[in-house]
Every structure is written in structure tokens, then in C-alpha cells.
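Visitor: Top to bottom, those sequences are chains P and S. Position 162 of the first sequence, counted from 1, bears residue number 162 in UniProt numbering, the numbering being contiguous throughout. Position 618 of the second sequence, counted from 1, bears residue number 618 in UniProt numbering, the numbering being contiguous throughout.
Errors might be hidden in some of the hints.
What the hints assert, rightly or not - Taking lysine to aspartate or glutamate and the EDC-like style, the derived pairs with C-alpha atoms no more than 20 Å apart in a straight line are:
hint	chain 1	residue 1	chain 2	residue 2
1	P	Lys-177	S	Glu-495
2	P	Lys-105	P	Asp-122
3	P	Lys-151	S	Glu-355
4	P	Lys-155	S	Glu-495
5	P	Lys-46	P	Asp-63
6	P	Lys-155	P	Asp-169
What the hints assert, rightly or not - Using C-beta positions, here's what the derived DEER-type ranges look like:
hint	chain 1	residue 1	chain 2	residue 2	range
7	P	Val-135	S	Ala-336	48 to 58 Å
8	S	Ala-336	P	Thr-103	33 to 43 Å
9	S	Glu-30	P	Ala-184	57 to 67 Å
Since the hints were made in silico from the structure, they are not lab data. Note that beta-carbon positions come from the ideal geometry of N, C-alpha and C, so glycine has one too.
Next come the chains, spelled out residue by residue.
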Amino acid sequence: MVKLFALSIFHKGASEARLLKTASDLQSFSFFQRGTVNEFMTFASKTIVERTQPALRQSVKQDAYMCHVYVRADNLAGVLIADHEYPHRVAHTLITKILDDFTAKVSADQWPNGTEATISFDVLPAFLARYQNPVEADPLTKMQNDLDETKIILKNTIEAVLERGEKLDDMVSKSEKLSLQSKAFYKTAKKTNSCCSFT
Amino acid sequence: MFPHLKGHGQRVNLQLLQEANCRELVQQLERIEGSKVIVLDEAMIGPLNLVTRPKLFADRGIRLLALKPELHLPREVTNVVYVVRPRVALMDQLAGHVKAGGGQAGRQYHILFAPRRSCLCISQLENSGVLGSFGRIAELAWNYLPLDADVVTMELPNAFRDVSVDGDTSSLYQAAVGLVQLQRLYGRIPKIYGKGEQAHRVWEHAKQLGRDERSLYNGDKGIVDQLILLDRSIDLLSPLATQLTYEGLIDEFYGIRQNKLMLPSEHFPSDGGLGGGAGGNIGNGSRADESQSLLGDGEMKTIMLHSGETLYAELRNKHFNEVTKLLARKAREIHAQMHATSQDKSVKEIKSFVENLLPQLMAQKKATSEHTAIAGLLHEQVNAVAFADDLAAEQEFMVCADIDKPSAYIEDQIASKAELRGVLRLICLQCAAASGLKEKLLNHYKRELVQVYGLEVLLTISNLEKAGLLHQQTESRAYAVLRKTLHLTVDDNVEVEPKDISYVHSFYAPLTARLVEHSLKPLGWQSLKSQINNLPGPTFEDFQAQLVGIGGRHTGATVAEKSLLHVPRVVLVCFVGGCTFAEVAALRFLAAQEDNNVEFLIATTKIINKHSFLDSLMGS
Chain P
1 MVKLFALSIF HKGASEARLL KTASDLQSFS FFQRGTVNEF MTFASKTIVE RTQPALRQSV
61 KQDAYMCHVY VRADNLAGVL IADHEYPHRV AHTLITKILD DFTAKVSADQ WPNGTEATIS
121 FDVLPAFLAR YQNPVEADPL TKMQNDLDET KIILKNTIEA VLERGEKLDD MVSKSEKLSL
181 QSKAFYKTAK KTNSCCSFT
Chain S
1 MFPHLKGHGQ RVNLQLLQEA NCRELVQQLE RIEGSKVIVL DEAMIGPLNL VTRPKLFADR
61 GIRLLALKPE LHLPREVTNV VYVVRPRVAL MDQLAGHVKA GGGQAGRQYH ILFAPRRSCL
121 CISQLENSGV LGSFGRIAEL AWNYLPLDAD VVTMELPNAF RDVSVDGDTS SLYQAAVGLV
181 QLQRLYGRIP KIYGKGEQAH RVWEHAKQLG RDERSLYNGD KGIVDQLILL DRSIDLLSPL
241 ATQLTYEGLI DEFYGIRQNK LMLPSEHFPS DGGLGGGAGG NIGNGSRADE SQSLLGDGEM
301 KTIMLHSGET LYAELRNKHF NEVTKLLARK AREIHAQMHA TSQDKSVKEI KSFVENLLPQ
361 LMAQKKATSE HTAIAGLLHE QVNAVAFADD LAAEQEFMVC ADIDKPSAYI EDQIASKAEL
421 RGVLRLICLQ CAAASGLKEK LLNHYKRELV QVYGLEVLLT ISNLEKAGLL HQQTESRAYA
481 VLRKTLHLTV DDNVEVEPKD ISYVHSFYAP LTARLVEHSL KPLGWQSLKS QINNLPGPTF
541 EDFQAQLVGI GGRHTGATVA EKSLLHVPRV VLVCFVGGCT FAEVAALRFL AAQEDNNVEF
601 LIATTKIINK HSFLDSLMGS
């Protein structure tokens with residue numbers, strides 16, 4: 001089951017990472033757990049940004065989760081926490097995309113000092129929701145999936161064509177049977193005694 | 001038009017013969033002005049298919065009709081062209097048509113006799129008073145017709161009977177004319193060998209006719225290096241024996257007519273959209289041709305059986321037991337190839353598969369399916385008790401077991417009034433293997449036959465005696481001796497992947513094939529001198545040398561044969577009186593042996609089998 005849990009944007013400062021915006025989808029967790037999980041995820045994201053060099057992408061396994069991080073050269077960073085099955089490529093595509101969007105909407109001077117409250121960038125939850133299904137969201141994956149589906153249809157069609165006429169399996173078993181039942185045509189002629197042979 | 005006639009890398013191209021024959025017909029037709037309809041004698045329908053395609057007639061707006069006593073000729077047609085064998089009996093039908101169509105203004109009747117006109121026929125027309133209505137009476141010189149890449153046939157099913165029973169030697173003359181025609185196309189044949197009375201006559205005619213052909217003597221020798229003429233009467237056992245090759249069995253049980261096999265379509269799983277040629281489709285591949293189906297019958301499936309059909313070409317000459325194994329292997333291979341597609345493949349690979357391999361694979365599947373069905377039918381027939389018993393009796397004769405005694409099996413068959421043809425076959429077989437039956441035994445059989453089948457059977461017996469299939473024993477036991485010296489029967493018989501031609505009847509090599517096999521050896525028939533003289537008729541040898549100078553003198557007696565090591569010699573084997581598919585298979589086997597370095601071209605009056613051979617002798 002592919003699942004996205006949290007999507008956050010940080011600014012990597014000299015000493016620490018500053019959370020600028022975040023969105024999370026903790027539906028899969030029980031109500032009481034959510035708070036804790038949320039904190040944990042924020043903390044993990046922050047840590048990972050601090051530990052990642054600029055102009056670097058990483059995907060780090062953390063227990064049951066996979067943290068995808070991209071720290072840009074200008075110290076703008078995006079973190080996506082997903083499960084292990086979520087395709088990495090799609091994750092990083094998403095991070096790149098939101099960072100580009102963020103850069104377009106929020107001017108760079110706000111980054112070093114902004115907080116969640118001050119920065120207005122509301123599209124994160126929408127992105128998170130949309131990318132829950134990587135196939136739909138990501139055109140490349142979608143194409144690959146379509147291709148795979150097409151191949152299966154092709155294969156089925158070819159098999160249908162091949163089965164036209166006699167069923168292949170029938171033909172194989174019929175001919176197998178025939179070849180096993182071959183009998184010797186020449187039995188060495190015996191010199192028959194004139195003794196009677198009742199046929 | 002008939003690509004399979006070219007063969008694969010062989011020296012003789014029979015497509016030339018087909019084209020020459022076709023041209024001949026077209027030229028004859030073009031001499032007749034106006035709209036035409038062609039009425040065909042039943043015996044000519046098959047031969048027509050060997051040489052022309054329906055398109056030829058469709059393009060010229062010519063309809064083809066079968067000759068029937070009550071024939072409805074379309075009104076608007078100005079010319080009615082009959083293409084018939086020169087049989088007097090047919091002339092009455094023609095006369096009938098002319099009289100019935102009496103009032104038709106402007107209608108002209110014409111006849112193309114194939115291959116030669118007959119004075120008797122023309123007199124018959126005169127006697128019927130219709131000769132005046134006939135415009136053009138010409139000859140369609142179709143002597144040898146190409147049956148496959150290495151076989152030519154005259155399509156004369158009664159040739160042997162005509163000569164041996166009725167004393168009508170016209171087929172011999174025709175064979176000679178045919179040989180000269182072949183030499184016109186393929187060049188002079190320098191060396192001739194032969195055995196048998198009728199074979200000798202054919203050669204004498206051909207030599208005479210050849211002398212009149214300037215072109216034969218002016219050039220180098222042609223493609224064919226040798227001609228071997230074999231009279232059917234030197235080996236009467238082989239056509240009576242049950243053939244065990246795939247093609248032989250099909251012919252014996254179902255009859256192959258000019259490369260076509262027709263079977264009820266219920267035996268074949270439906271083809272869906274990919275084929276299913278019901279009706280008389282000619283040739284393989286041109287589905288666009290809508291054939292003039294004179295035999296048209298939607299219930300029957302027509303299967304083409306010639307060397308152009310790849311799978312058939314592989315199977316036809318093999319022993320039936322090898323065929324079933326091959327078919328099973330083919331089916332498995334196709335199955336494997338088809339399921340290879342289920343593995344992960346890129347779209348490109350799938351695309352290439354669909355464009356290149358798939359159509360081929362589908363064709364292979366269809367062929368394998370058809371032949372598995374045919375093999376299944378044969379299998380049923382071959383496992384019938386009656387067949388097995390007959391075969392056992394036949395095989396005992398062929399190894400000369402108890403050959404001089406009345407056969408209990410034959411007596412039982414007569415007593416249970418089994419099919420006369422089958423009984424006569426076995427008696428003739430015994431006679432052939434014993435090189436003649438003792439008088440007492442022969443009379444014994446005759447008495448039994450008359451008692452059960454009635455006095456009429458004596459007429460048939462008389463025919464068989466005239467034909468030499470039933471005769472009394474003389475001193476020489478030619479077959480018994482030849483069986484040992486030529487290894488006609490073998491003890492260690494091999495049916496699957498054989499090394500010897502005896503596989504065609506499981507353990508018996510046709511005498512004719514052994515004779516040809518020996519002729520390929522360096523000494524040729526010299527080594528067989530004494531034995532071969534035991535066979536009836538003259539053993540002859542001749543040559544046709546190149547003429548040098550205006551006086552037309554021959555060059556030296558020896559013909560310098562440049563034997564090029566890698567070029568196989570071409571030997572034309574001419575069976576006077578018919579040959580079986582088993583004999584053809586045996587010769588093809590010899591040709592396939594690299595060591596023999598030979599290519600055969602087989603000429604025959606007709607391809608026969610044990611049934612048709614006896615039928616021709618039993619009819620009146």
C-alpha cells in the first residue's frame with residue numbers, strides 16, 4: 001500500500017532547519033496516536049534536513065517509514081515521509097515540484113525568518129492528497145502503468161489469435177497420443193505350420 | 001504461377017513445362033474469335049488445374065463447364081470449345097449437345113483433343129451427322145504435365161491396362177512424344193537405359209521421333225544426363241503392396257487427385273477467420289482467386305498436398321510412424337514458441353513478434369493441426385483389424401513364406417465374400433512373389449472365386465492373366481532370387497530415420513527403386529547382368545550423341561561426360577505403366593543421400609496405388 005504521511009518545507013539555516021510549511025495525512029493512525037506521530041515526523045524531518053548537505057537528495061529509511069529529502073543549493077529543503085512502497089522517483093519529483101511552486105509563490109527573503117503562521121502557502125495538503133496515488137499524479141508512472149496494461153492486453157489478444165482454429169493444447173495432446181500409439185507394421189513373418197489358425 | 005514447381009536449388013525447373021503447356025492452350029483459344037465457353041471432359045479437369053489458374057479464364061471471360069450428357073450451354077456464347085480425351089464414347093455426348101442446340105444461330109463448336117486427335121472419334125462425329133457443326137478440331141499437345149517439382153505425369157490411369165489387356169499402344173506413342181517434348185524444353189538426353197518390352201517400344205518411338213527433331217542434335221546435351229525407362233510389368237509386386245509412407249497411405253485410403261485431398265470438414269476443427277478452403281481452391285496463397293469450383297461442395301475441405309506446403313513436404317515421404325512423432329514434436333515446438341510471448345517482453349519485441357513471427361507461426365499451426373487430423377484418420381484406418389490382417393498376409397507373401405500353398409487367409413476372405421478387389425490383390429501378390437502360381441493352385445483359386453463371386457469374375461481373371469498379374473509358374477523364380485541378391489526385403493527394418501529405401505513398405509524396397517539404386521553405382525546395371533535378365537522383356541542401352549557437320553554424322557561412340565564433382569547428375573526415370581507414391585518416395589530418398597550425387601525427375605503415365613491399379617484392370 002503506497003502511502004504518504006507528511007510533506008514539509010524547511011529552510012536550512014546555518015545552525016538549524018526552520019520549518020516553513022507542513023501538511024500531513026495521519027488518517028491511518030488512531031486518533032490518540034496522531035499527536036505523537038505528528039511531532040515525531042516533524043522532528044525527524046527537521047533532523048534529516050540538518051543532516052543533509054545542500055544540493056543533495058536522500059531517501060532514508062526510518063523504521064517503517066521512508067524519508068525523502070531534497071535540500072536545494074539555496075538551502076530550501078523539502079521532506080516527504082512515505083511508506084516503503086512509495087516509488088522514490090515520484091517522491092522526489094513531488095518534492096522538487098513543491099519547492100519550485102514554493103519558490104514561485106513565496107519570496108526568498110521570507111525564508112530565513114518565516115514561520116508556519118507567517119508564510120502563506122496553502123497547496124501542500126492538496127498535493128499530499130493528490131500524490132497519495134502516485135500513478136494518477138505522476139505522468140511518467142501513469143504512462144508506465146498504461147504501457148504495462150497495454151502489454152497485458154496485447155499478450156491476451158495474441159493468445160486469443162493463437163487459439164484461433166484448433167486449441168493449441170488440444171493439438172499437442174492429440175499429436176502426442178498419436179505418436180505414442182504407433183505400432184510396428186512389420187512383424188517378422190513366421191513360417192506358418194499348416195496347423196489351423198482360427199481367425 | 002506455380003512456384004513450387006521450381007523446387008529448391010534443383011537443376012530441372014518444371015515451371016517451364018507448366019508455362020509451355022499453358023501457352024499451348026492459350027494459343028489454341030486465341031485462334032477462336034468471340035465469346036467462348038470451355039466444356040471439359042472429367043478426365044481433363046484435374047490436368048487443367050495442374051497447368052492453369054482460374055484467373056486465366058476469368059480474365060478472358062471464359063466459363064468452364066463439366067461435360068455432361070444434359071448440358072445447359074449459356075445462350076449468348078458464340079463458341080463452345082470441348083477439351084476432351086479422344087474417347088469415342090464421349091463423342092456421343094458432344095453429338096447430343098450439337099443436336100440439342102440446333103437452332104442457335106452463330107454458334108460454333110470446336111474440339112481440342114488432348115493430347116492427340118483420333119480418327120475414330122472424328123468418324124463417330126461424322127456418323128452422328130454433326131461433324132459439319134464443328135469449326136476447329138485441333139490437338140492440345142499435353143503429354144507430360146508437371147505434378148510437382150520432380151514429377152511429371154500423363155494422367156492416363158488406364159495406360160497399363162490399355163496396352164497389356166486391350167493391345168492399345170497409343171499411350172506408349174504418347175509417352176514417346178512426351179519424351180521428345182521434354183527434350184525440346186530441357187535438352188537432349190545423351191544416355192538411355194531401360195528394361196521391359198513396353199519401355200523398349202517407348203524408346204524406339206522416341207528415338208525415331210527424336211531423329212526428326214533437328215534441335216536435339218545440334219546443341220550440347222541438355223540438363224538431363226540419363227534416361228531410365230522402366231516397364232511396369234517388370235515389377236508387378238510393388239504396385240500391389242500396401243504403401244506405408246504418409247503420402248502413400250493418404251492416397252490409398254482417401255485418394256489424392258492432382259495434389260488435392262478432399263475430406264469431410266467435420267474432421268477438422270474450424271479455422272475461424274484464417275482460412276478454411278472449402279471448395280476447389282487452387283494453389284496455396286491466392287485467397288483472392290475465387291475458383292471455378294466444378295466440384296464445389298461446402299461440406300468438404302480441400303487440402304493442397306504438394307511440395308509448396310512446407311510441413312507436407314517434410315512429412316510426405318516418411319514412414320507413417322515417423323510422421324506421428326514429427327507431428328508431436330512440431331506441435332510441442334509451436335506451443336513453446338507461442339508461450340514464449342508470455343514472458344516479459346518490451347513493446348518493441350512484441351511488435352516485431354506480431355509482424356514477423358506471428359503470421360508464420362499461425363500458418364505452421366494451421367498446417368500442423370490439419371496434418372494431425374489427417375494422421376488421426378489414417379491411424380484409425382491402420383488400426384482396423386481387417387487392415388492388419390491383410391497386411392500380415394501380404395507381408396508373408398513378400399518374404400515367400402508358404403508361397404506355393406493355397407493361403408488360408410485368402411480362402412477365408414473368399415468364403416466371407418470380402419471385397420473382390422482386395423482378394424484379387426492378394427492372389428496377384430502371391431503370384432508375383434512366387435513368380436507364378438502352380439497350375440493346380442491357380443485353378444483352385446479360380447474355382448473358389450467363381451463359386452463365390454459368380455462367373456463374371458472370369459472376365460476379370462482373364463484381364464489379369466493378359467496383364468501378367470496371374471500366370472503359371474515357369475522355371476525361373478525371379479522374385480525369390482532378386483529378393484536375396486537385391487535385398488528387396490530386409491530383416492533389420494527401420495521405419496523411423498531409415499538408412500535404406502525399404503522403409504517405404506516397412507521392410508520391402510520396391511524392385512524398380514532397387515534397380516535405379518544400382519544404376520547409380522559406378523558399374524551400373526553391369527553388376528546385375530544375370531539377375532536382371534530374369535525379369536521379363538529386353539534390357540537395353542542407347543545413346544543420343546551430338547551431330548557434327550552438315551552430313552549429320554555422329555561423333556565418336558563414346559559420349560564424353562564431364563562429371564563435375566559438385567553438380568548432381570540428373571536422371572529422368574520414366575515408369576511406363578504407372579508408379580506409386582512409395583516408389584517416388586524411395587527415389588526421393590536416394591536423391592537426398594549426398595553420396596549419390598543425383599537429382600531425379602520422375603515421369604509416369606499416372607501415379608497409381610494398389611486400388612487404382614486393380615480397378616483399371618477390373619473395369620470393362
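Visitor: Regarding the pair P:Lys-155 and S:Glu-495, is the alpha-carbon distance no greater than 20 Å?
Guide: violated, 41 Å
Visitor: For the pair supplied as a hint, P:Lys-151 and S:Glu-355, confirm whether the alpha-carbon distance does not exceed 20 Å.
Guide: With a Cα-Cα distance of about 16 Å, the restraint between P:Lys-151 and S:Glu-355 holds, given a limit of 20 Å.
Visitor: Could one say that the CB atoms of S:Glu-30 and P:Ala-184 fall in the range 57 to 67 Å?
Guide: holds, 58 Å
Visitor: Has the hinted range 33 to 43 Å been met by the Cβ atoms of S:Ala-336 and P:Thr-103?
Guide: Hint violated: Cβ distance 57 Å, outside 33 to 43 Å.
Visitor: For P:Lys-177 and S:Glu-495, compute the direct alpha-carbon distance and say whether it is at most 20 Å.
Guide: Roughly 19 Å separates the two Cα atoms, so the pair holds.
Visitor: Assess, step by step, whether the Cα of P:Lys-105 is no farther than 20 Å from the Cα of P:Asp-122, and give holds or violated.
Guide: Since the Cα atoms of P:Lys-105 and P:Asp-122 sit roughly 10 Å apart, the hinted pair holds (cutoff 20 Å).
Visitor: At the C-beta level, are P:Val-135 and S:Ala-336 separated by a distance inside 48 to 58 Å?
Guide: violated, 35 Å
Visitor: For P:Lys-46 and P:Asp-63, compute the direct alpha-carbon distance and say whether it is at most 20 Å.
Guide: holds, 17 Å
Visitor: Tell me if the straight-line CA distance from P:Lys-155 to P:Asp-169 falls inside 20 Å.
Guide: Cα-Cα ~17 Å, so holds.
The structure fails to meet hints 4, 7 and 8 from the earlier list, while all remaining hints are met.
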